[in-house]
Structure formats: structure tokens, C-alpha cells
Amino acid sequence: MSSDTGIGSETPERERTGNAVVNWMEGLSEAAYAYLLLIPAFLLLAFIAFYPLLMTFVMSLQEDRTRGAETLGGFVGVENYVNVLTGDVRLAQQFMDVSLSASFPFVDFGVPLLQQALFVTLGFAVISVFFETVFGFGQALILDQEFRGRRWVRVAIILPWAVPIVIQGMIFFLLFQPEVGFGTDLMQWLGLFGPNPLADSGDAFVIVLVADIWKSTAFMALLILAGLQSVDRSLYDVARVAGASPWQRFKLITLPLILPALLVAMLFRTMDAMRVYGLIESSVGCTTVPSLTCMVVEAMFGGTRIFGTAAAVAFMTALVIGLFISVYIALFRDTEAGFY
Amino acid sequence: MSPNDYDETRDDGTPSESSDESANVRGNRADPRRHLPDGGRAPSRLADGGATLGAGGDAELDRGPFSRWVDRSIQNPQRVYRAMFYVAAIFFLFTTLFPFYWLLMVALTPEGQLRDIVFTPNGFNPGAFVEVFQTLPFHWYMFNSFVIATASTVLVLVIASLAGYAFGRLEFPGKTPLMLLVLVVSFFPPAAFFIPLNDLFNTPVEILEPVMSDGTLYNTPGAMVMPISAIFMPLAIFILTTFYAQIPDGLEDAARVEGTTRLGALFRVIIPLSAPGVATAGVLTFIAVYNEFFFSFLMTDGEAENWAPILDGILGYQGQYEILFNLMAAASIIGVLPVAILVIVAQEKIVSGLTAGALKE
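Just so you know, the sequences run in chain order A and B. Everything in the first sequence is counted per this note's numbering, starting at 1020 for the first residue and increasing by one. Everything in the second sequence is counted per this note's numbering, starting at 65 for the first residue and increasing by one.
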């Protein structure tokens, strides 16, 4: 193990410089060595995440310039933000378009809720994570049992999680494509969908939800399964002897013990759901169901060169997600050992 | 209410030594509903010794399979749970697998007959799986995807190994804040990084001039590998931190005493001993990168020769004038195969990796 580590060298030139580096590294204190090891990771993060984030913020304070060589104009403060919030932008979708009114229900929607990026994104996150948690729990309870062929059932249940987003979108696009799929006929027969669900915001929103639930339930199931398998089995024996019914065993033992794992899994999924873009783009299209990320891309490539506005929307997207996650963490901080 | 109760009541018809009285009583006690439909019949038959075997058979037939099942279930609730379990398991298997099956049916249907496909294809055209490669250079897109995913995985594993070692095995001031900083990155939507990165990758850099015609990173693997690696690195760091922290200090100390350098100890002791953890982080990163949409979609112009990954290939069958639905479906199936195989081979690693990563955080 120690033969080729620098002592006793045959190729002097290379080894000597190598030795210098090694010796220097050996001489570092533990803390200095740790920082040295962290440099690559933080360089990458700085280059890809921290610097762009800062730049996005700076850009969002600058004027849109639709003509000329320069893409951004002078400093305009929060004007871009105000414009986005008041719906005063040249964009197909609105970030949020509500105004207060005197009559019930006290708010006016400029455009329907499902054409407003903020509500689409929040609604999508809350509803999809709710169903994914419920179904994921069901799947996890099944995978927690001992039965023959469990390995293959587990493969089948994980499989949707591993499907590329574009293929997930494609499957549901084809299912509800009126010419090819039977989804439209089925849903129309049930009286739930209109004739062209891919072009109708409400129907398309449901399609995106179903597609996301199909894929991400597996992820929830795996994380919940991990929680289930760490529960001490003897607790169930004790409960059984004490005469607890299966429901009581679930409510009083399983649920409290896996709650931390469950909340972490929900946090992850919520963050992910609020960034939704690829699924929408590859299935129903961003014009039908505008999410926050959709809006950023639209503003960026919409052809009108409103980069300042695009940056403002991007930064607001990050803020909305940050705010939502903070509220989530604050709400559940006190629950059982918590996270962080 | 154990299964034994049930067996007892079943038996009591056959021996016939027991008097009608006691048989009836025992039967009733164990299952009040059992003799209700054929009221006094069973006792009277029991009385004439020889017919008892037949009587048992008759009673079973009378009740039919469903009510018999209900009877048993009432005596033994465990049966209901098992049945519920099977129903739920089959339901979930159906919902997860049916979309794949249906996709295969669409792919097998000849192009002109794509209509109302539910359980069977309209016709049989396996040639679609060949046409996929003739219409577009789909193999090229797949190759690009593999290169991007492999390069990102290697980059992530190397950088995350160094960081995971620092976080998992060393003590230094500012450890927790730095870990949180890494975590915070995964909170932000890619959209928040995207605009400046897009600018940056479209800016010509002189050193790249000889390599790229216009000297920009746009349309190169680098434009995708770097952001994608940064996005998926936090998860790998957390998985590796967990695994590296579990290696006993003694093993590393022994190697150091023998004269191994610090980095040597990491690469010759810690990483080999945590091979399962490294494999896990690698598999998860590979799948995540292969599946990524945002940067893969926006950092190239979608041409196979410009390093566009499979997602552009699949969307490519959606031409301006016609959409080749069956080829889209066939391409999707081909695109899923590599990850499906990876899931089958490495399912244990995936499960343990997601678990370790999530529970740690």
C-alpha cells in the first residue's frame, strides 16, 4: 500500500514535484486539508450556482432593451418586479393576476387561475405531493411485507421513477392525444374532460398531475419504505399482545415513528414539484399549463428579448420556492427530531 | 379467533361420534352464521351416521365460494388483510406497468392505423424499432446521452468524494454552515441559474476557438455536464458523507502509519471500503443525468451532431407537418431500456442510496 506513494522514486523529475505537493499536503492542519478538499465542489457550485444567482438578481434590476446590440438597459430598481406583479408585461402568461374588489369573493382574477403561473405551480405542488404521499404510503406498505416475488414487484414499482422526464411526458401526451390515445375518449365518457384536453388548461393540468403522480409516487414509496424498515419490529409484537388492532398499531406505532422520514420525503418532492418544467414542455406544452419555470423560459426565448423581466421572474421563482419551503420547515420543525 | 377454531368446526361433521347436540353447539359458537341458511338440516343428517361425509360436501356447495370466503374471513381477519394486500399490489402493478405496455402497443401499430389502441396493437409492425434509427440518427442521440451522463457521473463522483471525505471524516470550523450551503443549492430552481449561464456559454472564449468553430461552450457537452453535475452533486455528497463516516478510524490510521499519504488513504482505503456507497451514488447520478430535462433541452440546439441528448431525439419525431406517433413511442421504449436495465441490476443500491441520502439530510 505504501510502495508507490512518493518515497523511493525511479523517475526523479516527476516524483520530485509530486513529493513537494505531497509534503505540502501532509503538512497542512486538519482544517486546512478539509478546506482544500472542498475547493473543487465549491468552485463548481460558485461557477454554476452562486455567481449566476447573483447575476440573475443584478439583471432583474435592469431595463429590458428590445433593440440594439446591448440586451440590457440601465438600472431601474424594482420596476421589473412591479411590472410582473401587476401583469404589465408582454408575456403570454401571467405570473399572478388578481386584484382586490369590494364584492364577494373580494378578489378579481384578471385571467383564470390556471393561466397564472404562481397558482399553477403552487396548486401543482400541493396536489401532486398529497397524492404521491398517499399512494407512496400504500406502495411502501406493500413492499414492506414478505412475499414471493417481492424483488420483481419492487423493480416494477421503482421503474416509473427511473423514466426520463421527456419519455414520461411523451407517454401522457400520446395517451391523451385524441387521435392515438384512449385517454380522451375514456375521460369524455366519464364526463370529466372536453374534446381536446391537451389544449384546455383545466384538463391539461389534470393530465400533468396524473403524469407526475405516476412517476414520483415511486420516489415517495422508496423513502417511506426506508422509514418503515427502520421501525423496531418488536414494538408490533408488544402491541399485538396488548390487544391493539392493526389500525391502532399503524396509528400509534408506524405513523409517529416514520413521520420524520415522511416529512423529509415530502419536502424533497415539494421542492421538485415547484420546479416543474420538462414534464409540461414535453406533454401538454407551456402555453396551456404555465408553471413559473415555463414563464422564465418563455420570457427568455419568447422572441421579444425581455431579459430583465425574465431575470425578475426567475428570481421571483426562486423566492417563491424559498418562501414556501421555509414555511414548510417552520411548520414541521417541532415534529419529532425534525430535520436540520 | 385463531385459525384452529375454524378447523375444529370443519372437522366436527366427519367423525360423527359426537352427538348432534354438541356438534351443533360447537358449530354455532365458532360461527353463528354457518348453519343459519340450512337451519335444522345439518343436525338431522348428522343423526344418521353414514351420510355425514356427503352432508359436509353438500353444505359447502350450498354456500358457494363467495359466502364461504366471507365465512372464513370473519373467523380469520388475517385473510381479509391478505386479500386487500393482493388487490392493492395488483392495482399498483397495473398502474405502474400499464403505460409501458401501452407504449409498446403504440410502437407496434403501423403508422396509418393509430386509433383507439387500448390492449392490443392495430396490426403488427416491429419495423418501427428499425425506422426509429433511419428517420433520425437516434443512436447518435443515445451516444450523446451516454457520454454526457458518464462524464457527469465521473465528475460528480470525484468532486463529491473529496467533499464527502472532508464532511464525513474531518473536523473543521464552519462544517455545518458549509454543508447547509451545499444543500441550499438544491433548493433553487435551475431557472434561477439559467439566464446568466446561457449568456456565459454563448460568449466566445479564445482558448476554445481551436476546438469549437465559434469558440462558445453552447452545443458542447461541457454546457450540459457542468450545470447538471452541480445540480446533482449535493445528493452524491450526502450519500458519500454517510458512507465515508462509517469507515472505522483504525483502518485509515493503519494505512497512514505504513506511510500512505493523505490522498492515498482516501483513494486506497476509504473509497474501496465504501465501494457500495460509491456505486450507489454513481448509479443515482447516472440515472438523474440521463433523465434530466432542463439543461439538456436548453443548452443545445437539438442537433445530434451538436451533442443533443435523447430528449431532442424523441421530440424530433414531432415534425412541422406530421407527427410520427409510433416512432415516438418506439424511441421512448428504446430510451427507457438503459435505465430499466440499470434499475433491475442495481435496485438494492438505488434503494439504499435514496434512503441514505434522504435520511441523512
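A portion of the hints provided could be inaccurate.
[To be verified] A short list of chain B residues far from chain A (calculated; beta carbon distances all over 12 Å):
no.: 1; residue: W133
no.: 2; residue: A227
no.: 3; residue: G383
no.: 4; residue: S396
[Claimed, not checked] Each pair of labels, with its calculated beta carbon distance range:
no.: 5; chain 1: B; residue 1: F210; chain 2: A; residue 2: Y1070; range: 22 to 32 Å
no.: 6; chain 1: B; residue 1: P237; chain 2: A; residue 2: Y1347; range: 27 to 37 Å
no.: 7; chain 1: A; residue 1: T1105; chain 2: B; residue 2: H203; range: 42 to 52 Å
no.: 8; chain 1: A; residue 1: Y1347; chain 2: B; residue 2: G128; range: 15 to 25 Å
no.: 9; chain 1: A; residue 1: N1215; chain 2: B; residue 2: L234; range: 25 to 35 Å
Don't read these hints as lab results, they were simulated from the structure. Glycine residues also receive a C-beta, built at the ideal position from the N, C-alpha and C atoms.
Hints, one by one, checked against the model:
1. Distance to chain A confirms W133(B) as a non-interface residue, since its nearest Cβ pair spans about 19 Å, more than 12 Å.
2. With a least beta-carbon separation of about 4 Å from chain A, A227(B) fails to lie farther than 12 Å from that chain, contradicting its non-interface assignment.
3. The claim that G383(B) lies off the interface holds: its Cβ sits roughly 15 Å from the closest Cβ of chain A, which is beyond the 12 Å cut-off.
4. The Cβ of S396(B) does not lie farther than 12 Å from every Cβ of chain A; its closest approach is about 4 Å, which violates its non-interface assignment.
5. Distance hint check for F210(B) and Y1070(A): the Cβ-Cβ separation is about 29 Å, which falls inside the suggested range of 22 to 32 Å.
6. The given range of 27 to 37 Å is respected by P237(B) and Y1347(A), whose C-beta atoms sit roughly 30 Å from each other.
7. The given range of 42 to 52 Å is respected by T1105(A) and H203(B), whose C-beta atoms sit roughly 50 Å from each other.
8. Under the hint 15 to 25 Å, the C-beta atoms of Y1347(A) and G128(B), about 53 Å apart, miss the expected range.
9. A hinted range of 25 to 35 Å is violated for the C-beta pair N1215(A) and L234(B), which are about 59 Å apart.
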